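There are 2 protein chains.
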Amino acid sequence: MREQVFWGWGEPGAGPLLQAHADEFLRDLGLPGGIVEVPVALADVRLRAPELPAAARAALEAAVGAGHVLDDAETRVLRCRGKSYLDLLAQRAGDCEAAPDAVVRPADHDQVAAVLRICAEHGVAVVPFGGGTSVVGGLEAPREGFAGVVSLDLGRMDRLESVDERSLTAVFAPGIRLPEAERALGEHGLRLAHAPQSFEWATVGGCVATRSAGQSSTGHGRIDENVVALRCATPAGELATLGAPGTAAGPSLRELVVGSEGALGVITRVALRVRPVAERSRHEGWFARSFADGADALRRLEQEGLAPDVARLSDETETRVGIALAGPGGAGRRAGMAATRALGYGEGCLLVLGWEGDERAIGARRRPAAALLRKAGLLYAGKGPGEGWERQRFAGPYLRDDLLDRGALVETLETATSWTGLEPLRDAVARALTGALGQAVVGCHVSHLYPTGASLYFTVLAARDHDDPAGQWERAKRAAGEAITAAGATITHHHAVGRDHMPWLEAEHGPLGLELLRAAKQRCDPAGVMNPGVLVGR
Amino acid sequence: MREQVFWGWGEPGAGPLLQAHADEFLRDLGLPGGIVEVPVALADVRLRAPELPAAARAALEAAVGAGHVLDDAETRVLRCRGKSYLDLLAQRAGDCEAAPDAVVRPADHDQVAAVLRICAEHGVAVVPFGGGTSVVGGLEAPREGFAGVVSLDLGRMDRLESVDERSLTAVFAPGIRLPEAERALGEHGLRLAHAPQSFEWATVGGCVATRSAGQSSTGHGRIDENVVALRCATPAGELATLGAPGTAAGPSLRELVVGSEGALGVITRVALRVRPVAERSRHEGWFARSFADGADALRRLEQEGLAPDVARLSDETETRVGIALAGPGGAGRRAGMAATRALGYGEGCLLVLGWEGDERAIGARRRPAAALLRKAGLLYAGKGPGEGWERQRFAGPYLRDDLLDRGALVETLETATSWTGLEPLRDAVARALTGALGQAVVGCHVSHLYPTGASLYFTVLAARDHDDPAGQWERAKRAAGEAITAAGATITHHHAVGRDHMPWLEAEHGPLGLELLRAAKQRCDPAGVMNPGVLVGR
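So the sequence lines, in the order shown, correspond to chains E and H.
Here the first sequence is numbered in this note's numbering, starting from 128 and rising by one per residue.
Here the second sequence is numbered in this note's numbering, starting from 128 and rising by one per residue.
Think of the hints as simulated: they come from the structure by calculation, not from any bench.
Just so you know, not all the hints are guaranteed correct.
[Claimed, not checked] Have a look at the derived ranges for each label pair, beta carbon to beta carbon:
| no. | chain 1 | residue 1 | chain 2 | residue 2 | range |
| --- | --- | --- | --- | --- | --- |
| 1 | H | E188 | E | G598 | 40 to 46 angstroms |
| 2 | H | G313 | E | G432 | 18 to 24 angstroms |
| 3 | E | E486 | H | E550 | 43 to 49 angstroms |
[Unchecked claim] So, partial list: chain H residues that the calculated Cβ filter (under 10 angstroms) puts toward chain E:
| no. | residue |
| --- | --- |
| 4 | E288 |
| 5 | E292 |
| 6 | L369 |
| 7 | P372 |
| 8 | P403 |
| 9 | V404 |
| 10 | A497 |
| 11 | Y507 |
| 12 | E609 |
| 13 | A613 |
| 14 | A616 |
| 15 | H620 |
| 16 | A634 |
[What the hints assert, rightly or not] A short list of chain E residues far from chain H (calculated; beta carbon distances all over 12 angstroms):
| no. | residue |
| --- | --- |
| 17 | P159 |
| 18 | D235 |
| 19 | D351 |
| 20 | A356 |
| 21 | A375 |
| 22 | P378 |
| 23 | D423 |
| 24 | A488 |
| 25 | H575 |
| 26 | A581 |
Computed from a predicted structure; not experimentally measured.
In this text, a Cβ means the ideal position worked out from N, Cα and C, and glycines have one as well.
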C-alpha cells in the first residue's frame with residue numbers, strides 16, 4: 128500500500144522542490160533563507176505502547192482477521208494526525224503520543240459495522256481514515272474517557288463497484304483514492320472530475336465525509352452536488368439513501384451524512400454522478416488591474432452562464448508570491464510580469480481559467496467568456512500562466528515541506544460569502560491575520576464560483592516563532608475565524624470542521640442547530656465513540 | 128385577502144372550463160358525460176363548534192391581536208384540508224368536522240415564535256398554512272390527544288424583504304404567494320422562475336417546506352437548489368442558516384429544514400437565488416415515435432448540457448387525453464394529430480420544450496438542441512403545441528373540478544428514478560394503477576430532467592365508485608406506492624410527504640433514517656404539536 132511520509136506530504140521525492148530563487152523572497156520575511164531544521168527520524172518519534180484492551184483487540188481480530196489489526200510503530204505514526212501546519216509541526220518534532228493504539232482495516236460494510244459495534248461495546252474511540260489529508264484536525268481523537276483509540280483505515284475498500292453508463296452514475300467503495308477512481312472510470316470512458324489539491328491521496332469517501340469542493344467545482348460542482356446516494360455504517364445500524372435524482376420526501380438525510388466527518392458513522396458506499404472523459408483541456412492566464420475588477424468579471428461570467436470549469440483569481444500579493452516561489456519557469460514569468468506592469472496592470476492580479484471538453488465545445492464556451500473579460504478591461508496573458516498553474520496544481524503541500532525546513536510559518540484557511548460581501552471579507556480577514564502575526568505575507572484567491580457568491584482562500588507566510596510556534600498560529604487563526612464569523616461568512620468552504628473549527632460551529636449553525644447535530648449523533652452513536660470531538664463537542 | 132373556493136381550486140369563475148367535446152371521452156370511461164353532482168353550499172357544511180381552551184385563545188389573542196384569531200365558519204372551512212382528490216371529495220360533501228378550531232395570523236417571526244410557545248404549553252396542535260395547496264394530506268392534523276388544532280396562516284407575512292442585486296439573492300417572508308413574489312422582484316428586473324402547477328396560490332415558504340420543483344426545474348432548478356438561507360421558528364427556539372454559497376461546515380441543516388413540512392417549526396424567512404427577468408420565452412412541440420425514443424432524446428439533451436428550461440414528454444395515453452380534454456384549440460390539435468399519424472408517428476408522444484431569455488440566447492441554446500432531436504428521429508410540430516401547453520399550464524386543477532362534477536375519479540402521483548430505471552418504473556406503476564382500478568386511463572409524463580435521471584408524473588382518470596370513492600383511490604394509490612418502492616424509486620418527486628405518503632417513508636429513509644427525523648423533531652418540538660402526523664408518525 129502507498130503511504131505518505133509521516134512528517135509531511137506525499138511519498139519521498141515525489142513532489143517538486145522549492146527553487147533556489149525563493150530564498151530571496153524568504154529573507155524579506157526575516158528568514159535566514161536556508162534549511163534550519165529537518166524532521167526527526169522515525170526511530171526518534173515519541174510513541175506510547177499500544178493500550179487496546181485485550182478483549183477488544185481479540186474481537187477486532189475476529190471481525191477483520193488478525194492480519195488487519197496493525198500496531199507497529201510506523202503504521203500508528205502514519206495514522207496519528209492529518210496534514211495541517213500544526214499537525215506537521217508536531218509530527219516533525221516526533222510528538223506522536225496521540226497515535227492510535229491500533230489500525231484496523233475492514234474489507235467491507237459488514238466488517239465496518241462489526242468494528243463499530245465492538246468499539247462501542249468496549250468504549251474504544253474510532254477515527255475513520257481515508258487519505259489522511261485533513262488540515263482541520265479531523266484525525267486526532269482525544270484519549271481521555273476511552274479505553275483506547277483505533278484508526279479505521281478504509282484502504283482495503285478501494286473498488287469501483289459498478290457503473291451505470293446510461294444514467295452517468297458510478298458506485299464506489301469509500302477507500303478508493305481519487306487517481307485510482309479516475310483510472311477505473313477511464314476504462315468506461317468516464318471521469319469524476321473531482322480534483323482537490325489533495326487529489327493524489329484523498330479518497331472518495333473522505334471527500335464526501337468532508338464536503339470537498341475540488342479545483343474545478345465551478346464547472347463540475349462540489350462533491351456534495353455530485354453525491355447521488357450513500358450507505359453509512361453506524362454503531363446503531365445502517366443508514367442508506369435512495370438514488371433518486373430529485374425528491375420531495377422530507378428533509379435530506381443524505382445531506383446529514385455528507386459532511387458528517389465520521390462523527391455519525393462510516394460511509395461504506397457512495398454513488399456519484401460521473402461525466403464523459405474530456406478530450407482535452409485549455410488553461411490560460413489573464414491579468415486584472417485589481418482584485419475588485421477581477422472578482423467582478425468572475426461574478427459576471429458566473430451569473431451569465433459563461434464561467435469556465437476552473438476559475439482562479441489571485442490578489443496582488445498571491446500573484447507576487449506565486450512568481451517568487453514558482454518552479455523553473457519562474458524567470459519567464461517574472462519577465463512577463465514586467466511587461467504586464469508596462470501595460471498599465473500595476474502589480475496585477477493573475478486570473479487562471481480552465482476549460483475541459485472537446486476542441487469545439489471549449490472554443491464555443493471560451494469565445495463569449497473571453498469577450499466579456501476583454502470588455503471588462505482584463506488583459507489576456509496567453510496559455511503560459513494557465514499551463515504553469517496546471518503543472519503546479521498539486522504542488523503546494525510539497526513546497527510547504529521545504530518551507531517548513533526553512534523555518535517558515537505556512538498555512539492556509541478559506542471561507543465563502545456572497546458577491547456583495549466578498550471584498551469586505553477579504554479585507555477583514557487579511558487585516559486580522561497581519562494584525563495577529565505582524566510581519567507576514569497574506570495572499571488570497573477566489574477559486575470557486577457560485578451564482579450568489581464565491582470562496583476566498585488565504586495563504587499565510589511568516590517567520591516562525593520558534594519559542595511558541597503553535598501559539599503563534601493559533602492566535603492568527605483565532606483572529607481570522609472571528610473576522611469570518613463577524614462577517615456572517617462560513618468558517619470553512621471546503622476544508623471541513625474537524626476539531627480546529629469547533630469554536631466557530633455555533634456561529635455557523637446556532638445553538639439549536641448544534642442541538643440537532645448532537646441529537647443525530649446520539650441516535651447513531653449512543654456510546655459517543657465515533658471520531659469524538661468532531662462536530663459535537665465532548 | 129384572496130381565498131380559494133372551499134370545495135375546489137381557485138376563485139369562482141377564475142379558471143378554464145371543460146369543453147363540451149370532453150364528454151365523448153368521458154363516456155368511453157363509463158361516465159354519463161354530464162354533471163352528476165355539485166359541491167354542498169357553505170351553509171350545509173358539517174362543522175364542530177370551536178373548542179380551543181379559553182386560556183390558549185386568550186394567550187394567542189395577546190400574541191397576535193384579537194383580530195387575528197379567527198374562528199368563523201368560512202375561514203375554518205377554508206383551512207380544513209388541502210387540494211387532493213380525497214380532500215376535495217370530503218370538502219364537496221361538506222365533511223369539515225376536522226376543521227381547525229381557530230385560524231391564527233401572526234405578523235412576524237416573533238409572533239410566530241410566541242404562537243408556537245403558547246400552543247406547545249397548552250397542547251394545541253399547529254398546522255402551518257401557506258397557500259393551502261397540499262395534495263398529500265399536509266394540512267389535516269388529527270385532533271386526538273390535543274386540546275385543539277390551530278391553523279397558523281402565514282398570509283400576513285407576505286413581503287419581499289430585501290434584494291441583493293449584485294449577489295442575485297432576495298429575502299422573502301414565507302407567506303408571499305408566487306405571483307406576488309414575481310411581481311415584487313420584477314420591479315428590480317429580477318424573477319424567481321419557480322412555477323409549480325399551484326403557482327397562483329402557492330407561497331414561497333410553502334414551496335420551501337415541501338421541496339417544490341416547478342415546471343421549469345430543468346432550467347432553473349428545484350426550490351431546494353435555490354434556497355440560499357432560511358430562518359425557522361420552532362417551539363424550542365430559532366433555527367437559522369448562513370447564506371454562504373458553499374460550505375463544508377458539517378452536515379447541512381438547511382437541508383433538514385427544507386422539506387420539513389411544518390413538523391419541526393415554521394419557516395419565517397427565506398433567502399433565494401433570483402435571476403434577471405427573461406425578455407421572452409419560446410415554447411414548441413415535437414413528436415416522438417415512442418415514449419422510449421422521447422425519453423432517450425431528453426436524456427441526451429440533459430447529459431450533453433443542451434436541455435431547455437422546460438421539458439415535458441407525454442406518453443401516448445397522456446398525449447391522447449390532452450387532446451381529448453383540450454380547450455377551444457382542441458379541434459386544430461386533433462387535425463394536427465391526424466397529420467402526425469400520417470407521417471409515421473403512430474399515436475405519437477408529444478414533447479413540449481420551452482426556453483426563456485433574450486432572442487439571441489434562446490436561439491443559441493435551441494439550435495443544437497433541435498439538431499439533436501432531429502437526429503434522434505423526433506418531428507418538429509411547431510410552436511402551436513408549446514404555446515397551447517403554456518396557456519394551459521395552470522389549468523389542470525380547474526378542469527379537475529369539472530371532472531369531479533361529472534363523477535370522475537381524477538388524481539395524480541409522481542416519482543423519480545435513474546434514466547436506466549425510467550421505463551421499467553413507468554410500466555410498473557401504470558400496471559399497478561390499472562390493475563387496481565380496472566377500467567382507467569393512466570397517462571404519464573417526464574417533466575424534470577437531471578443528469579442522472581428524471582421524474583415521472585402520472586394522471587389517473589376513471590369512473591368514480593360512488594359506494595366507496597375513497598377506498599377506490601386508496602387501493603390504487605397503495606398499489607402504485609408499492610410499485611414505486613419496489614423499484615427503489617422515491618415516493619414523491621415534488622408533492623411532498625404529508626400524511627398520505629407516510630406508509631412509504633421507511634422505504635425511503637430506512638429505520639435509522641426515521642429515527643433521525645424523530646430525534647430532530649424531539650429537539651425542535653418536544654411537545655409534538657407541530658403539524659402532527661407529518662414526517663414522524665404518532
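Quick rundown of the hints versus the structure:
Separated by about 58 angstroms at the C-beta atoms, E188 (chain H) and G598 (chain E) break the suggested range of 40 to 46 angstroms. Between G313 (chain H) and G432 (chain E) the C-beta distance comes to about 21 angstroms, which sits within the given range of 18 to 24 angstroms. For the hinted restraint 43 to 49 angstroms between E486 (chain E) and E550 (chain H), the CB-CB distance of approximately 35 angstroms leaves it violated. Using the Cβ-Cβ criterion of 10 angstroms, the hint placing E288 (chain H) at the interface with chain E is not satisfied: the shortest such distance is roughly 15 angstroms.
Because the smallest distance between the Cβ of E292 (chain H) and any Cβ of chain E comes to about 9 angstroms, under 10 angstroms, the interface hint for this residue holds. Proximity of L369 (chain H) to chain E holds as hinted, the smallest CB-CB distance being about 6 angstroms (cut-off 10 angstroms). Nearest Cβ of chain E to the Cβ of P372 (chain H): about 4 angstroms, under the 10 angstroms cut. The hint holds. Satisfaction of the interface hint for P403 (chain H) is found here, the shortest Cβ-Cβ separation to chain E being roughly 8 angstroms, below the 10 angstroms cut-off.
Taking 10 angstroms as the C-beta cut-off, the interface hint given for V404 (chain H) is violated, the closest approach to chain E being about 14 angstroms. Hint status for A497 (chain H): violated, given a least beta-carbon distance of 16 angstroms to chain E, over 10 angstroms. At about 23 angstroms, the closest approach between the beta carbon of Y507 (chain H) and any beta carbon in chain E exceeds 10 angstroms, and the interface hint on this residue is violated. Taking 10 angstroms as the C-beta cut-off, the interface hint given for E609 (chain H) is violated, the closest approach to chain E being about 15 angstroms.
Checking A613 (chain H) against chain E by beta carbon gives a least distance of about 12 angstroms; that is not within 10 angstroms, so the hint is violated. Taken as an interface hint, A616 (chain H) checks out: its beta carbon lies about 6 angstroms from the nearest beta carbon of chain E, inside 10 angstroms. Look at H620 (chain H): its Cβ gets to within about 6 angstroms of chain E, closer than 10 angstroms, so that hint holds up. Taking 10 angstroms as the C-beta contact cut-off toward chain E, the hint placing A634 (chain H) at the interface holds, the least distance being around 8 angstroms.
Every beta carbon of chain H lies more than 12 angstroms from that of P159 (chain E), the smallest distance being close to 37 angstroms; the non-interface claim holds. Look at D235 (chain E): its CB is around 19 angstroms from the nearest CB on chain H, clear of 12 angstroms, so calling it non-interface holds up. Not every CB of chain H lies more than 12 angstroms from the CB of D351 (chain E), the least distance being 8 angstroms, so the non-interface label is violated. Annotated as non-interface, A356 (chain E) brings its C-beta within 12 angstroms of a C-beta of chain H; the closest such distance is 10 angstroms.
Distance check on A375 (chain E): its Cβ comes as close as 4 angstroms (rounded) to a Cβ of chain H, failing to clear the 12 angstroms threshold; non-interface status is violated. Listed as a non-interface residue, P378 (chain E) fails to keep its Cβ farther than 12 angstroms from every Cβ of chain H; the least gap is roughly 4 angstroms. Not every C-beta of chain H lies more than 12 angstroms from that of D423 (chain E), the closest at about 9 angstroms, which undercuts listing it as non-interface. With a least CB separation of 9 angstroms from chain H, A488 (chain E) falls inside the 12 angstroms interface cut-off, contrary to its annotation.
Look at H575 (chain E): its CB is around 6 angstroms from the nearest CB on chain H, not clear of 12 angstroms, so calling it non-interface is violated. For A581 (chain E), the shortest C-beta to C-beta distance to chain H comes to about 7 angstroms, within the 12 angstroms cut-off, and the non-interface label is violated.
Hint check: violations occur at hints 1, 3, 4, 9, 10, 11, 12, 13, 19, 20, 21, 22, 23, 24, 25, 26; the rest are consistent with the structure.
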